[in-house]
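Chains G and R, in that order, are what the protein sequence lines are.
What the first sequence shows, in the working numbering, is residues 1 to 793, in sequence order.
What the second sequence shows, in the working numbering, is residues 1 to 166, in sequence order.
Everything labelled a hint here was simulated from the structure, so no lab data went into it.
Don't take each hint at face value.
Said to hold, decoys possible - Calculated Cβ distances over 12 Å to all of chain G for the following chain R residues: (1) Glu48; (2) Asp60; (3) Val82; (4) Ile91; (5) Asp96; (6) Arg101; (7) Arg133; (8) Glu134; (9) Arg142; (10) Asp151.
Said to hold, decoys possible - In silico DSS-like pairs for lysine-lysine, Cα to Cα no more than 30 Å straight-line: (11) G:Lys70 x R:Lys159; (12) R:Lys159 x G:Lys665; (13) G:Lys421 x G:Lys738.
Glycine is no exception: its CB is placed at the ideal position from the N, C-alpha and C atoms.
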Amino acid sequence: MSVQFGNPDRPNSYIGKTVPRPNAARLVEGRGKYVDDIVLPRMVHVAFVRSPFAHAKIQGIETVDAASVKGVLRVFTGADLAEVCTPWVAVLAHLKGLKSPPEHPMAVDRACWVGEPVVAVVATSRAAAEDAAELVDVDYEQLPVVTDMMTALDKDTPVLHPEMGDNLAFQRVNEEGDLDAAFAGAHKIVSAQFSTARHTGVTLEPRSILVDWNPAETQMTAYHATQAPHMMQTVLAKHLDLPESRVRVICGDVGGSYGIKVHVYPDEVATAAIAKIMGRPVKFIADRLESFTTDIHARDHKIDAKIAVDKDGKILGFDVDDWTAIGAYSVYPRTSAIEGNQVINLCGGPYDFADYRAKTTVVFQNKTPTCQYRAVGHPIAVAITEGLVDMAAAELGMDPIEIRRRNMYADDAYPVTSPAKMRFEGLSHHQSMDKLVGLMDYDALRADQAAAREKGIHRGIGIATFIELTNPSPFMYGIGGARISAQDGCTVRMDPDGSIVALSGVTEQGQGTEAMLSQIVAESVGVLPSKVRVITGDTQVTPYGGGTWASRGAGIGGEAALRAGRALRDSILEVAAAMLQADQSNLDIRDGEVVDSESGTARMPLEELGRIVYFRGDTLPEDLPRELVQTRHYITSEYPFAFTNGVQASYVEVDTDTGEVKLLKHWCVEDCGRIINPQLVDEQIRGGIVQGLGGALFEEVHYDEDGQLLNGSMADYLVPMAAEMPDMIIGHVETPTKESALGAKGAGEAGTAGAPAAVMNAINDALRPMGAQVSAMPFTPERILRALGTIEE
Amino acid sequence: MSEMFRDKVEIDLTVNGEAVQARVPAGQHAVDFLRQELGLTGAHASCEHGVCGACTIRVDGETVRGCLTLAAQLDGADIWTVEGLSDTDAIRDLQDAFVARNALQCGFCTPGMLVAVEELLAKGGVPDRAVIREHLSGNYCRCTGYEAIVDAVESVAQKRTGKVTS
Ligand code: FES
Ligand code: FES
Chain G
1 MSVQFGNPDR
11 PNSYIGKTVP
21 RPNAARLVEG
31 RGKYVDDIVL
41 PRMVHVAFVR
51 SPFAHAKIQG
61 IETVDAASVK
71 GVLRVFTGAD
81 LAEVCTPWVA
91 VLAHLKGLKS
101 PPEHPMAVDR
111 ACWVGEPVVA
121 VVATSRAAAE
131 DAAELVDVDY
141 EQLPVVTDMM
151 TALDKDTPVL
161 HPEMGDNLAF
171 QRVNEEGDLD
181 AAFAGAHKIV
191 SAQFSTARHT
201 GVTLEPRSIL
211 VDWNPAETQM
221 TAYHATQAPH
231 MMQTVLAKHL
241 DLPESRVRVI
251 CGDVGGSYGI
261 KVHVYPDEVA
271 TAAIAKIMGR
281 PVKFIADRLE
291 SFTTDIHARD
301 HKIDAKIAVD
311 KDGKILGFDV
321 DDWTAIGAYS
331 VYPRTSAIEG
341 NQVINLCGGP
351 YDFADYRAKT
361 TVVFQNKTPT
371 CQYRAVGHPI
381 AVAITEGLVD
391 MAAAELGMDP
401 IEIRRRNMYA
411 DDAYPVTSPA
421 KMRFEGLSHH
431 QSMDKLVGLM
441 DYDALRADQA
451 AAREKGIHRG
461 IGIATFIELT
471 NPSPFMYGIG
481 GARISAQDGC
491 TVRMDPDGSI
501 VALSGVTEQG
511 QGTEAMLSQI
521 VAESVGVLPS
531 KVRVITGDTQ
541 VTPYGGGTWA
551 SRGAGIGGEA
561 ALRAGRALRD
571 SILEVAAAML
581 QADQSNLDIR
591 DGEVVDSESG
601 TARMPLEELG
611 RIVYFRGDTL
621 PEDLPRELVQ
631 TRHYITSEYP
641 FAFTNGVQAS
651 YVEVDTDTGE
661 VKLLKHWCVE
671 DCGRIINPQL
681 VDEQIRGGIV
691 QGLGGALFEE
701 VHYDEDGQLL
711 NGSMADYLVP
721 MAAEMPDMII
731 GHVETPTKES
741 ALGAKGAGEA
751 GTAGAPAAVM
761 NAINDALRPM
771 GAQVSAMPFT
781 PERILRALGT
791 IEE
Chain R
1 MSEMFRDKVE
11 IDLTVNGEAV
21 QARVPAGQHA
31 VDFLRQELGL
41 TGAHASCEHG
51 VCGACTIRVD
61 GETVRGCLTL
71 AAQLDGADIW
81 TVEGLSDTDA
91 IRDLQDAFVA
101 RNALQCGFCT
111 PGMLVAVEEL
121 LAKGGVPDRA
131 VIREHLSGNY
141 CRCTGYEAIV
151 DAVESVAQKR
161 TGKVTS
């Protein structure tokens with residue numbers, strides 16, 4: 001069956017419409033059920049004693065005073081848990097050379113970052129556990145620390161993990177063509193240093209897990225705020241020596257993830273280990289300081305980069321030297337080399353050029369581990385690429401839009417393979433740029449900028465094109481040996497009342513997964529979306545799947561739902577044809593009724609069909625298949641990833657006296673293929689943009705040279721607040737992927753990918769007449785004043 | 001925690017229109033009391049530091065941070081949380097607007113956000129978008145980017161004052 005998604009008059013046309021989210025109504029009434037809202041009989045609470053030092057040997061642990069606090073039941077050391085929980089090593093075979101030492105759920109004899117868990121205290125109340133944790137006395141011997149990324153490989157820098165030989169975790173060069181020749185023949189070469197700060201996700205719901213172990217049933221149940229329930233099932237089973245089938249992970253409402261909740265955290269595994277030892281439910285909810293010191297960090301990169309152009313502005317090549325420091329361990333099981341690897345895969349992404357060299361160097365240090373956070377590597381690669389392109393345009397005296405138009409892959413050039421060896425099935429850079437230019441009224445904006453400039457007001461326009469990697473195949477993790485599923489499944493069934501239940505392996509973190517799936521299933525079966533109940537986040541009931549990450553929910557989970565829904569439709573029609581003595585091919589299902597497809601005449605409501613199948617099956621032919629349930633799984637296979645593209649623009653005003661940047665307006669045109677729910681896509685883009693704006697202007701985890709984290713509270717680590725954020729105009733181009741019938745690609749990370757570069761370019765556009773330029777994020781007033789020479793170095 | 005904080009305090013209060021009597025630890029925060037003792041899990045603890053607004057509740061008509069207020073201070077107080085405001089339909093139009101405009105994603109900030117918004121809307125009139133944004137600066141949302149929230153608030157203000165444009 002081929003569906004004309006573009007035809008708004010087709011029956012059951014829910015794909016492409018704004019349909020309300022089924023779960024929103026209860027969340028606005030405070031009826032959400034997040035992990036901390038769950039209370040189980042005999043539940044106890046765990047609090048962790050964490051290392052106050054960035055690097056220290058644990059000489060001894062004294063727990064007598066803690067154990068005597070009223071309400072305290074048990075105190076565990078790292079050695080205690082090592083007896084029931086095996087350590088993990090976060091490497092992937094396809095990231096050649098990546099190394100990392102074994103990591104335990106709690107430090108055993110050495111702590112390697114401030115915040116690493118050392119002792120666990122379990123009590124009948126969280127308050128008692130926290131009180132007692134303060135009484136645990138750990139005897140530390142401080143060890144020399146490695147904190148600076150750029151000197152981590154120097155000869156006189158101590159080696160953090162001596163058994164690893166050096167502090168190098170991973171290094172890779174991605175090279176194509178003859179870069180030296182390209183640079184030798186260039187009209188202009190522009191070079192710059194960029195840096196992106198250490199960020200963390202700041203989910204409003206802290207990391208949360210409640211684990212119950214029932215020895216009588218040999219069953220572990222983990223209520224977990226996670227993006228990947230099946231992955232966690234595998235991890236808990238493997239390291240606690242349980243059969244996978246005896247671990248059930250339930251993921252209810254999750255209060256924000258953005259990549260933070262897709263990783264394996266030592267304290268969460270420790271909680272599960274403790275539940276197994278104690279045989280009762282154990283709850284761990286991170287407090288905010290724990291969130292800052294132990295949620296993964298990301299984006300701590302320093303880059304030297306160059307672009308070569310000819311006299312017409314044609315890009316000849318990029319040369320990128322990227323460094324990042326990932327903390328003390330590579331994070332399990334996705335590893336901490338992916339971000340650097342993405343940077344060198346994505347630089348230059350929108351442009352048609354030949355010669356490329358990008359190198360990433362990933363080092364260990366005594367800080368909180370870094371790992372994948374929303375838009376992994378993209379904001380960095382886009383800042384490098386788009387920063388250089390703007391600088392080259394300025395050198396040539398060329399308009400920033402014009403230089404991009406001269407270099408972006410033509411919209412009819414696809415399929416192409418980029419110099420970074422990324423394969424693009426179909427992108428729409430030029431169409432997107434045209435749309436952006438129209439939406440923002442570029443010429444009028446330039447006129448406004450010029451008029452303001454005459455009054456001494458410095459405004460700037462910044463453009464950033466980008467590509468975004470979505471719908472990952474096993475090329476992302478699976479081929480490296482990780483049990484992280486790239487396929488996803490959906491089971492769709494019809495109940496006797498004619499309503500539909502859809503069980504999916506992708507999860508809901510607030511992005512609207514349930515609405516998206518309900519629309520797809522409604523359209524593919526032929527019922528109202530309100531007749532579809534979506535169930536996600538329970539490894540015991542949903543088909544096996546990867547969950548929600550790398551913008552895969554709609555593209556992979558959605559396609560599985562579409563296929564399952566169509567299969568169920570066929571099953572229903574087969575029964576209907578037998579009951580109505582009609583030809584199946586002449587029947588259709590519309591709005592919950594079997595109809596004649598030609599005339600649309602109603603033949604039978606689904607509840608009548610359900611009544612007969614479930615209660616009067618005796619009246620049907622004996623050999624008629626009567627399973628009103630279908631499951632389909634989907635995986636991408638032709639392309640390793642479905643790339644999307646887009647372009648953002650930022651309009652800013654820079655106060656050259658105070659160094660403050662005011663965001664006046666922001667635009668984004670993006671192409672995520674088939675749009676299932678326009679409102680949800682727009683709001684994903686807006687939320688993503690604001691996360692990117694936070695990185696551009698405010699967000700930075702500060703450490704001192706001893707590895708002490710200096711700003712571990714929401715008052716000190718600044719995230720965007722309502723007053724500072726601009727209104728955002730969002731537009732779309734739709735280039736569906738041909739790999740799936742649905743044609744959807746991901747949309748959740750595009751906003752974050754492009755926003756920081758757009759703001760950087762806008763600020764530099766404002767500063768250019770003053771000869772100033774910034775390229776180290778966040779662009780704080782101090783940095784801007786330094787660039788202007790108002791503050792001396 | 002010192003001995004003083006271990007002491008229990010008797011409190012007598014009204015929560016969402018219902019009389020409540022309790023003996024609470026002197027150091028317990030209001031948001032923990034509501035969540036753990038009364039099962040009112042709508043207000044959330046996030047920063048526990050008075051910064052993010054996830055714990056926002058209404059006490060004697062004032063908008064307060066449940067993480068900065070002690071349960072012991074609530075003796076004699078009249079408390080409203082999102083649960084009570086929902087049951088009485090006091091903010092139904094606002095909740096409907098949030099759903100229609102998708103002014104929430106994960107929903108963790110939403111109960112506190114709604115209480116804070118209602119404080120602004122109760123002043124009457126149609127506030128400027130800048131005023132709405134300013135008023136919500138103590139309520140963090142990490143998901144939405146705020147624009148949808150501002151839109152929803154603006155639309156409710158317009159409807160309530162009869163100045164509906166769309
Ligand atoms: S939890 Fe109270 S303000 Fe953040
Ligand atoms: S909706 Fe998630 S924090 Fe606001």
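We went through each hint and held it up to the structure:
The Cβ of Glu48 of chain R sits about 6 Å from the closest Cβ of chain G, inside the 12 Å cut-off, so the non-interface label is violated. Its beta-carbon lying about 20 Å from the closest one in chain G, Asp60 of chain R satisfies the requirement of being farther than 12 Å from that chain. A beta-carbon of chain G comes within 12 Å of the beta-carbon of Val82 of chain R; the shortest separation is about 4 Å. Residue-level check failed: Ile91 of chain R sits 9 Å from the nearest beta carbon of chain G, not beyond 12 Å.
Distance check for Asp96 of chain R against chain G: the nearest CB is about 8 Å away, which does not clear 12 Å, and the non-interface claim fails. A beta-carbon of chain G comes within 12 Å of the beta-carbon of Arg101 of chain R; the shortest separation is about 8 Å. Some Cβ of chain G comes within 12 Å of the Cβ of Arg133 of chain R; the nearest lies about 4 Å off, and the non-interface call is violated. Look at Glu134 of chain R: its CB is around 5 Å from the nearest CB on chain G, not clear of 12 Å, so calling it non-interface is violated.
Distance to chain G contradicts Arg142 of chain R as a non-interface residue, since its nearest Cβ pair spans about 5 Å, not more than 12 Å. Against the 12 Å criterion, Asp151 of chain R falls within the reach of chain G, whose nearest CB is about 9 Å from its own CB. Taken as a hint, the Lys70 of chain G and Lys159 of chain R pair is broken in the structure, with Cα atoms around 55 Å apart against an allowance of 30 Å. A distance of roughly 27 Å separates the Cα atoms of Lys159 of chain R and Lys665 of chain G; the hinted pair therefore holds under the 30 Å criterion.
With a C-alpha separation of about 20 Å, the suggested pairing of Lys421 of chain G with Lys738 of chain G holds against the 30 Å cut-off.
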